[in-house]
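Engineer: Residues per chain are reported as follows:
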Amino acid sequence: MIKANIMGLFGKDYSRKLMLSILGILLGLFFGGVIIFLQGVNPLYAYYYLINGAVGSSQAIISSILKTIPLGIVGLAVIFAYKAGIFNIGGEGQFYLGSIGATIVGTIPLPISQVAHVILCLLAAIIFGGFFAAIPGYLKAYRGFNEIITTMLLNYIAILFTSYLLQGPLREPGTYYNRSSSLQPTALLSPIITGTRLHFGLIIFLVLAIIIYFVFKKSTLGFRLENVGMNKRAAFYAGENTKRLMLLAMCVSGAIAGIAGAVEIMGVNGALVENFVVGIGYDGIAVALLASLNPLGAILSAFFFGALRNGANSMQISIGISSAFVYIIQALAVFFVVLIPGVPRFIRKYKGVK
Amino acid sequence: MSDVLVLEKITKKFAKVTANKDISMNLQKGEVLALLGENGAGKTTLMNCVCGLYKPTSGKIYVNGTEVEIHGCENATKLGIGMIHQHFMLVPELSVAENVILGINRPKDFFLKIGEVESEVQKLSELYNFGIDPKALVKNLPIGMQQRVEIIKTLYRKADIIILDEATAVLTPSEARELYGIVKKLTKEGKSIVIITHKLEEVMEMADRIVVLRDGKYIGSTLKKDTNVKELATMMVGREVLFNFKERTNSIGDIRLQVEGLTLYNEFAVKKLDNISFNLHAGEIFGVAGVDGNGQIELSEALTGMMDYQEGKIIINGKEKRKFSTMESYSNNVSHIPQDRQATGLIMERSIAKNLVLADYRKLPFSKNGLMQETAVKEHGQKMINEYRIKAAGEEIAVKELSGGNKQKVILAREIDRKPDILIAVQPTRGLDIGATEFVRQKLLDERNRGVGVLLISTELEEILQIADRIAVLFKGSFMGILDKKCTDIGEIGMLMAGVKNAHYEGELQ
Numbered sequence: 001m002i003k004a005n006i007m008g009l010f011g012k013d014y015s016r017k018l019m020l021s022i023l024g025i026l027l028g029l030f031f032g033g034v035i036i037f038l039q040g041v042n043p044l045y046a047y048y049y050l051i052n053g054a055v056g057s058s059q060a061i062i063s064s065i066l067k068t069i070p071l072g073i074v075g076l077a078v079i080f081a082y083k084a085g086i087f088n089i090g091g092e093g094q095f096y097l098g099s100i101g102a103t104i105v106g107t108i109p110l111p112i113s114q115v116a117h118v119i120l121c122l123l124a125a126i127i128f129g130g131f132f133a134a135i136p137g138y139l140k141a142y143r144g145f146n147e148i149i150t151t152m153l154l155n156y157i158a159i160l161f162t163s164y165l166l167q168g169p170l171r172e173p174g175t176y177y178n179r180s181s182s183l184q185p186t187a188l189l190s191p192i193i194t195g196t197r198l199h200f201g202l203i204i205f206l207v208l209a210i211i212i213y214f215v216f217k218k219s220t221l222g223f224r225l226e227n228v229g230m231n232k233r234a235a236f237y238a239g240e241n242t243k244r245l246m247l248l249a250m251c252v253s254g255a256i257a258g259i260a261g262a263v264e265i266m267g268v269n270g271a272l273v274e275n276f277v278v279g280i281g282y283d284g285i286a287v288a289l290l291a292s293l294n295p296l297g298a299i300l301s302a303f304f305f306g307a308l309r310n311g312a313n314s315m316q317i318s319i320g321i322s323s324a325f326v327y328i329i330q331a332l333a334v335f336f337v338v339l340i341p342g343v344p345r346f347i348r349k350y351k352g353v354k
Numbered sequence: 001m002s003d004v005l006v007l008e009k010i011t012k013k014f015a016k017v018t019a020n021k022d023i024s025m026n027l028q029k030g031e032v033l034a035l036l037g038e039n040g041a042g043k044t045t046l047m048n049c050v051c052g053l054y055k056p057t058s059g060k061i062y063v064n065g066t067e068v069e070i071h072g073c074e075n076a077t078k079l080g081i082g083m084i085h086q087h088f089m090l091v092p093e094l095s096v097a098e099n100v101i102l103g104i105n106r107p108k109d110f111f112l113k114i115g116e117v118e119s120e121v122q123k124l125s126e127l128y129n130f131g132i133d134p135k136a137l138v139k140n141l142p143i144g145m146q147q148r149v150e151i152i153k154t155l156y157r158k159a160d161i162i163i164l165d166e167a168t169a170v171l172t173p174s175e176a177r178e179l180y181g182i183v184k185k186l187t188k189e190g191k192s193i194v195i196i197t198h199k200l201e202e203v204m205e206m207a208d209r210i211v212v213l214r215d216g217k218y219i220g221s222t223l224k225k226d227t228n229v230k231e232l233a234t235m236m237v238g239r240e241v242l243f244n245f246k247e248r249t250n251s252i253g254d255i256r257l258q259v260e261g262l263t264l265y266n267e268f269a270v271k272k273l274d275n276i277s278f279n280l281h282a283g284e285i286f287g288v289a290g291v292d293g294n295g296q297i298e299l300s301e302a303l304t305g306m307m308d309y310q311e312g313k314i315i316i317n318g319k320e321k322r323k324f325s326t327m328e329s330y331s332n333n334v335s336h337i338p339q340d341r342q343a344t345g346l347i348m349e350r351s352i353a354k355n356l357v358l359a360d361y362r363k364l365p366f367s368k369n370g371l372m373q374e375t376a377v378k379e380h381g382q383k384m385i386n387e388y389r390i391k392a393a394g395e396e397i398a399v400k401e402l403s404g405g406n407k408q409k410v411i412l413a414r415e416i417d418r419k420p421d422i423l424i425a426v427q428p429t430r431g432l433d434i435g436a437t438e439f440v441r442q443k444l445l446d447e448r449n450r451g452v453g454v455l456l457i458s459t460e461l462e463e464i465l466q467i468a469d470r471i472a473v474l475f476k477g478s479f480m481g482i483l484d485k486k487c488t489d490i491g492e493i494g495m496l497m498a499g500v501k502n503a504h505y506e507g508e509l510q
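Top line first, the protein sequences correspond to chains P and B. Just so it is clear: in the first sequence, position 147 is 147 by my numbering, and no numbers are missing. Just so it is clear: in the second sequence, position 44 is 44 by my numbering, and no numbers are missing.
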């Protein structure tokens with residue numbers, strides 16, 4: 001039934017889907033409020049500090065956007081694979097591989113312009129992330145392995161591989177910390193507005209979202225990938241090489257997640273450290289589902305999650321509600337988005353049994 | 001002999017469809033009654049009413065002389081009725097004994113007294129020579145043995161009326177022969193058996209008496225000793241609808257498709273096609289008759305690149321093909337109306353317009369420079385809706401909203417509109433009402449007259465006799481013979497469908 005509901009996210013009644021997402025968020029906030037109330041705190045207070053911390057000042061908004069960027073790009077990666085019928089749980093692993101690629105290229109001093117160096121770093125991330133995703137992609141398309149399991153297990157490999165690199169080959173010489181050397185200044189993403197931390201990663205995210213939207217809206221490639229996702233057998237019958245298309249979708253998805261890793265390193269961290277992001281692959285799935293698999297919707301849903309994270313800190317400081325609490329809201333919102341389309345069917349079935 | 005089961009004027013309606021209409025029949029103690037009919041004749045529906053899966057819309061059921069209302073499977077079990085379904089209802093991971101008590105273990109017994117069950121199963125197994133180990137896991141048993149577990153399940157529940165639905169469909173010939181022996185033994189112990197089947201050889205082998213259904217109606221009943229295969233085939237298919245085809249208006253052209261010695265094994269290394277050879281000419285309908293599951297899907301998929309084959313040659317328009325993809329099949333101008341329109345032929349969530357360009361999106365005007373041309377796709381959708389009289393509110397409607405007949409028209413429109421050289425149609429009218437059926441058959445005839453080589457694979461003999469020019473009969477993956485329609489009759493084909501071949505028909509093999 002869950003699968004059927006997620007399948008229902010295909011198609012194009014946009015306004016209904018937007019309503020669905022908003023309804024999911026409201027229900028998430030409502031039940032989250034019930035939980036806050038049970039802790040003896042007025043939920044309206046809590047939400048006031050949450051919203052204030054998220055969008056209450058220009059500084060707060062920029063922090064929210066900074067949290068939005070990696071969530072959104074990984075969300076796009078999940079959407080791309082899901083359109084072709086592959087559930088990419090491996091966003092986190094591909095994200096780490098991308099950041100490794102960007103770190104390797106970014107730490108080398110190169111006599112080229114900043115634009116060229118940044119593009120090289122992104123290319124490295126695309127290649128690293130894409131090839132890493134090709135492993136589960138190949139196993140899924142040509143060998144029938146369940147991609148949910150392979151991508152999830154590969155996440156651990158990627159995370160531990162990163163730790164290995166940071167304790168060995170990539171460790172900054174002469175330090176005790178498990179971190180890489182800092183990126184060359186030419187490899188960093190500049191701020192969009194000088195004096196703030198808001199970097200060009202935002203532009204990369206927005207452009208990617210628009211490109212992916214048009215790929216699925218207009219191009220024959222998007223049509224074919226979506227055909228595979230909706231009915232693999234029918235696509236095969238109509239002459240598609242479904243295996244190759246699935247592999248391709250997975251590689252592109254991994255490349256996108258890789259870009260997210262690179263952008264985070266080049267825009268925020270400036271160097272690779274262990275566990276600098278935790279659970280981004282799963283959050284990407286939440287972003288994709290709340291957006292009803294619409295790439296433009298991912299901009300909004302990623303901002304919602306980004307703002308939620310950011311506001312959580314202020315909520316914790318002000319009234320002592322743990323910041324981990326926002327994960328409950330996030331989970332509830334996604335839960336309702338997936339659940340609601342099944343409600344009419346459930347009612348019908350119940351009536352039918354009676 | 002006394003009647004253990006009497007059905008009186010049973011009618012079963014689903015929404016719009018009447019699956020059974022006023023069917024009356026009886027089952028005598030200790031007899032084997034065959035319920036004979038083609039696919040969709042309503043045999044299984046009727047028996048599901050008896051075993052409690054369905055409730056009849058009207059009519060009465062008597063068990064051992066008293067009128068009963070059967071509310072559910074449990075109820076049926078209490079009345080001593082057990083049914084062995086075509087698809088087994090077993091849990092592969094559990095043992096034989098565990099499967100036997102599945103669903104009847106009372107909740108108040110906290111502990112499974114599996115030892116007791118095992119010894120009882122052992123006793124039953126010995127009584128009927130089943131040779132089953134009660135402790136064996138079902139998944140490790142061959143299909144024939146699994147069927148015996150199903151039989152033991154009904155015996156353990158003290159069933160006196162046992163219904164077997166297409167029992168030999170999944171069995172090898174030797175397993176089937178063993179089943180005949182088991183059925184005989186069961187009747188000797190006083191059980192009454194109903195076998196649901198469309199296989200004439202099986203009827204002649206097992207049944208004492210035969211009831212024939214067609215289109216949900218009772219056609220007749222006869223004792224086996226008073227009838228023969230030919231007569232039964234005629235009763236089953238219905239004489240009155242036969243041979244009212246139109247005379248052809250064109251002559252047969254060149255060879256479009258040549259198949260030589262095609263042999264195919266499925267993924268479990270079971271031979272599904274065995275040395276099939278034929279020629280398909282331009283401007284003819286070549287019908288492939290046969291009972292479902294004798295290699296129809298494999299034949300159509302081997303010819304369209306969907307399934308790989310091991311031996312033989314496929315020559316399309318004079319060019320030999322080996323290991324070709326579905327894409328190549330498309331560019332060879334071969335159209336394919338697949339058997340399963342929902343799972344293979346259409347993408348249910350997509351609109352009519354997009355389903356119509358599922359393959360043709362590659363061409364102008366539907367795409368340009370890698371971009372879909374939405375206006376052209378929509379206009380084409382509108383045009384096809386008008387031309388093929390697809391009942392839909394518009395070309396943007398998802399095909400899942402359409403009725404079966406209109407879904408099939410979408411496929412037909414797509415596959416015919418591209419003007420193929422070869423059209424492979426598998427069960428093109430399955431599940432359609434009479435109007436849509438006529439429409440589809442007329443379109444196939446139009447295509448023939450246009451000079452297309454049409455391969456019609458159908459389990460409906462009536463359809464093949466109505467529109468095919470030549471008829472091959474597929475049985476267990478090989479052609480029993482290729483007959484010219486002018487010099488054949490239903491009885492001959494019925495015998496070939498059942499795998500009975502005699503010297504007279506040998507002469508007509510090509």
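Please note: incorrect hints may appear among the correct ones.
To be verified - Partial selection, computed: residues in chain B whose CB lies under 7 angstroms from chain P:
| id | residue |
| --- | --- |
| 1 | E98 |
| 2 | A343 |
| 3 | T344 |
| 4 | Y361 |
| 5 | L364 |
To be verified - Straight-line Cα separation of at most 25 angstroms, BS3-like style, residue types lysine-lysine; simulated pairs:
| id | chain 1 | residue 1 | chain 2 | residue 2 |
| --- | --- | --- | --- | --- |
| 6 | B | K184 | B | K78 |
| 7 | P | K17 | B | K378 |
| 8 | B | K321 | P | K218 |
| 9 | B | K400 | P | K17 |
| 10 | P | K243 | B | K321 |
| 11 | P | K232 | B | K323 |
| 12 | B | K321 | P | K217 |
| 13 | B | K217 | B | K184 |
| 14 | B | K230 | B | K13 |
| 15 | B | K391 | B | K378 |
| 16 | B | K230 | B | K185 |
| 17 | P | K218 | B | K363 |
| 18 | B | K378 | B | K368 |
No lab work stands behind these hints, which were simulated from the structure alone. Backbone N, C-alpha and C fix where the C-beta goes; we use that ideal spot for every residue, glycine too.
Engineer: All hints, please: hold or fail.
Structural biologist: Here's how the hints hold up against the structure:
{"no.": "1", "hint": "E98", "verdict": "28 angstroms, violated"}
{"no.": "2", "hint": "A343", "verdict": "6 angstroms, holds"}
{"no.": "3", "hint": "T344", "verdict": "5 angstroms, holds"}
{"no.": "4", "hint": "Y361", "verdict": "6 angstroms, holds"}
{"no.": "5", "hint": "L364", "verdict": "12 angstroms, violated"}
{"no.": "6", "hint": "B:K184 with B:K78", "verdict": "24 angstroms, holds"}
{"no.": "7", "hint": "P:K17 with B:K378", "verdict": "24 angstroms, holds"}
{"no.": "8", "hint": "B:K321 with P:K218", "verdict": "35 angstroms, violated"}
{"no.": "9", "hint": "B:K400 with P:K17", "verdict": "19 angstroms, holds"}
{"no.": "10", "hint": "P:K243 with B:K321", "verdict": "22 angstroms, holds"}
{"no.": "11", "hint": "P:K232 with B:K323", "verdict": "20 angstroms, holds"}
{"no.": "12", "hint": "B:K321 with P:K217", "verdict": "36 angstroms, violated"}
{"no.": "13", "hint": "B:K217 with B:K184", "verdict": "29 angstroms, violated"}
{"no.": "14", "hint": "B:K230 with B:K13", "verdict": "31 angstroms, violated"}
{"no.": "15", "hint": "B:K391 with B:K378", "verdict": "16 angstroms, holds"}
{"no.": "16", "hint": "B:K230 with B:K185", "verdict": "28 angstroms, violated"}
{"no.": "17", "hint": "P:K218 with B:K363", "verdict": "15 angstroms, holds"}
{"no.": "18", "hint": "B:K378 with B:K368", "verdict": "15 angstroms, holds"}
When held up to the earlier numbered hints, the structure conflicts with 1, 5, 8, 12, 13, 14, 16 and fits the remainder.
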